[in-house]
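Under this note's numbering, residues 950 to 2142 are what the sequence shown spells out, in order.
Be careful, since some hints might not be right.
Simulated crosslink set (DSBU-like; lysine-lysine; CA at most 35 Å straight-line) [claimed, not checked]:
1) K1256 <-> K1124
2) K1172 <-> K1247
3) K1002 <-> K1258
4) K1172 <-> K1187
5) K1920 <-> K1997
6) K1995 <-> K2006
7) K1241 <-> K1187
8) K1859 <-> K1773
9) K1995 <-> K1904
Source of the hints: derived by calculation from the structure; they are not laboratory data.
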Amino acid sequence: MHRERLIFLLTYTVIVAISLSLAFNIDLTEPDVYDGDPNGFFGYKVLQVTSDKSKGIIVTAPLSGAGEICRQWNKQATCFTPQDVSVGATTVPVKHFGLSLAKHPTRSEFTVCSPTVVTECNENSYMNSVCYKMTDQLQQISNFTPNFEDCTKKMVNLVFLFDGSQSMLENEFNKNKEFIVDVMESLKNTSIKFAAVQFSSDTRTVFTFNDYTEGKAHTLLKKEKHMRRLTNTYSALKFVLEQHFENTKSGASPEATKVLVVITDGDPTESDTGIVDIYDSKKIIRFVIGVKQVSLDKVKTIASEPKDKNAFQIENYDGLTGVLENFQKKIFLTEGSTAALAGDLKEEMSQTGFSSVFNKDTLILGSVGSNTWRGSLHERRQQRETHIKDPQMEEDSYMGYSVSVGERQKVSLYFAGAPRFNHTGQVVLFTAAGNNWTTTQRINGDQIGSYFGAEVCSVDVNSDGNTDFLLVGAPLFYQAQEKREGQIYVYALTDKLELMNKLNVTAPSMGRFGTTISSLADLNGDELRDVAVGAPMENENKGAVYIYLGDRRRGIRNTYSQKIMGEKFQPGLRFFGQAIDGSIDLDDDGLPDIVVGSRGSAVVLRSRPVFNVVAHLSFEPNEISTEDFDCVTKSEESFPMITLSVCFVMVETTTSVAGTVSGGLNISYVLDVDPMRQTFRAFFSESDVKSRNFTSTNELRPGETCFNHSIHMPKCVKDTLSPVGIKLNFSQDDSETAAAVLNIDSKGQALVEVPFEKKCRTNDICISELEVDFNFMTPVLLVAERNYFNVTMRLSNHGDDAYNTSLTMHYPPGLSFSMMSLAKTTVSKPLHSCDDLDVLDKTICRISRPVYRSNSHATFVTDFLIMTNYEWNDTVSLTVSANSDNPNSTRASVTKTIPVQFEIQMAVIKAEDTVSYLNFTLEDSAPKTVVTKYKVDNRGWKSFPVNVTLFFPTKLEHDFEMNNYQVIVEKNKTQCRETDTETDMTSEYCSPERKCRFIVCDSFMLDKESDVEFVLSGEVQFKDLKEQAANIPFLKRYTGDGGGVKFKSFIYVTYDKEKYVGESDKQEGRTNGSVLWKGNDPTMSWTEIRIELIIAPDQMLIISTGAGLGLLLLIIITIIMFKLGCFRRKMHEYIQEQEEAEAHDELMPNVVIPGKPEEENKLLVAPVSAPAPADSEKENECEKSEALAIKLD
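Starting from the given sequences, assemble the full structure and let the hints guide the process.
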């Protein structure tokens, strides 16, 4: 088990990664690679050493047999392998030699440790350590076994508590006693003392520890009688604790390990009073053997942890023999180590030397396994050893996994990493107080499983002897979304000896960044120590190293200056960056070198000299003359503007030995003219006006190097106020392969501005006097669709020339700037351009740039598109200000306000289905319903409030009247009521006798693009129509009579005409109400219904009168005919004819024709006689008279 834990720690520690992305001054072209056995983990730890004789590197291979260390330099290797070490009277082999390596401050000595020297003690394995003090030539000075744990037997007091209840048979009771005897016999030559207690309802001592020591135990046990009562187990536990474990008179040893063995076949007959917790607090080991039908779950609560392994169940007492061997082994283990069962390891598994570091002449070793893997530090000063613990450290925290030292204000400081503390990790700061060490601060990690504290590294960034920063690695810190693994935390150490977090740096990829952190010598010559961070699992376990330059405020910079990939040196290199050291100049060139360990190789990398380069730009003449500019003829010619001098000063920041650098720096630089402008004003080539940049590569030597360039300008330059900017950027082309490198802190650029000459009245300072004014071209701002708002603006300059003049307009967001056009000017046409800004209420127009000349005046017309979707106020303000870049010039500004009106499109129309004609007769004189419909239609984009009024007469001619009238509004949009209000608009039609009624509706919001219907209804009739018919003149009763009225109803709509403008408001000549109803006014409408009264002629009167007159005329005619004798002749002839007929009937037979009427048959036999000629005229006159009478009748 302990071997598996060690393998995990070792495997985790060797996993690291780093990569190349930015080349700085670590030379990657000529590394020295020293190879070893990859299976032995050659390269696990590396160290630079030096002495008066020579320099070199030390490389460890902890898995090569017992482990070995090798000294490498100039392709020569010397190795050292330790021999078996004597521990007391025994000799034990050394394993994992080289797992930790501590450099002495002189670097001529070092200490290398093996923290896994395994010694056996009573079938337990102790994990001790052995360390070797070595010279830089691998000569062993001494070895020692720090914090060595001797194998000593510990006293054990064991009490048998066996059941004597009545459920147990006599032979079973005797088997209990036999089992106790067997255990005592098997362990009689150990440091274990025994006692025995029988329990039932009561508890009784069988024999004490003293009895066992005096040899009386067997006799007393044999004589013990069976109690045969209840099973009061918890009372018995209390008895054993008080009368045996804590009773020295019975022979108990206070320092002994306490063990209780309970044998029972029944469940406890009483409740636990807390005695089990007391046993736990006193760490008394408890075994429980349950026999027969006992409930194991109930008696298991009495056993100590782990309960599953310390509680047994057998079917009968014969089974006690079966558990004897296993039980004896468990009891035996308690003799060698309390921790085997009580879980309280001390230094048995300490692995002292897992990490190591020197604090001056004092060696500090990390003991990750001490105190049940809580961990501790072990300080060794000469021959005196001090154990340093954190009393609050939890089990399995691994404190001492990493260790670093520091000093602040002459106070020694120890930093210890505990990466498994509370699963998040912790770093503990210890400070010295005399000869004692106290815990000053604890810093916890913030991610579970991140292994915060796996690496700690203190940094004296300015090398003044005071520790400034602590860097803490958390190589398993994981960022899932970014796919990154590993993070380092940078803490500043204050004068109050407190650590404060300044920076967190995360790797750009997976690879366990932060497994190794090493403080390096100053690499770039800024007098600050730098830092290397290893990520050995990056790039598929090939590994990488990141170089971070030092920083006074934050310890290191937040971005790395160089990334070194392991695969660059050997294709099969693995775990590059698992160890790093870099504080010595190994090749005597005055520059520090770095050694990086990987699995099977150690790579020595050299740093290169660093040079700082400062660039300076100068020019002649010192200003640009404006006399030669000509923008009128539009010439494409150019002329020389200035001569530009580019000078570089090169100074080494590092301290390389003279002769190290044979050449200079190849610097490539780029010159840009007006780089921030879209239009060009200068160029490098006389023939190419677009050549605004120039590139050149030259070699610089230490000191100053200068180059000259001519810059040209076109004939026409409009901007002569702002200077011409020239920017220089430079860099090193061959930084990866050059012998010397450009300092990355070099500014890398230079700027200069070339001014134009100015003509001003005083002190070469032009003071402009700008004046601005504007007027609205309409009295109101009318908000309408696709409507524009126009403003005239006048700009005058009464002072010196104004440079970069502009008009700035501030207006409500409801206006959208459209265009500005020039209307009038007193000088040559000034150019202008306008830009909308990111804001909605501001526009800036540049006027006549670069110069708006003195005594210039210009008038502009500015158009704004009016936005209808803006929430307009009753008035709006517009501010126009004039500005220039001239110093000490006043700013002109004018603000004016204009009222706002809204255009509306409304129409009042009558419905097409409205009735236009009605009539009444005497037969149909009942009241009839009249319905008139109007629609108020908003056809525009704006909702607005309206007031609606309807009026109509209720009395007209012929006693016409209207009753039961009402107005209904669609969807109850508003409420209407009758009022007596009369206006000029109604006076023309509504005379008093007509009794007009006025219906006024409450004001309501007429929504955009919608209409509201108003329905006027009422009952109309001609009052007392029958009475009117009875009173008409007599003669009209024969011809009939009638009449009619024109019923008119009116509707008109009003609104706030101060705020809203409709089509009707645009018409002219509307001065009085009489005209309103005659035009095509969309705010009003009316309907006319023609209603007729019809009285028909009196038919009875006509009939009776006609009948009377006809009778009278008949009488008159009859009298006349009588007077003429018409009636007498007729009678005479009639009598004569009758006589002749009778005579004829007697002579003629009856002739009857079938099918003929009787009358016709009679005619067949009638005699035919001709009238007498003498009487023919009289007869005709009578016939005429008779016919006339018949007609009159």
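* Asked: Where does the structure disagree with the numbered hints, that is, which hint numbers, in rising order?
  -> 3 and 8
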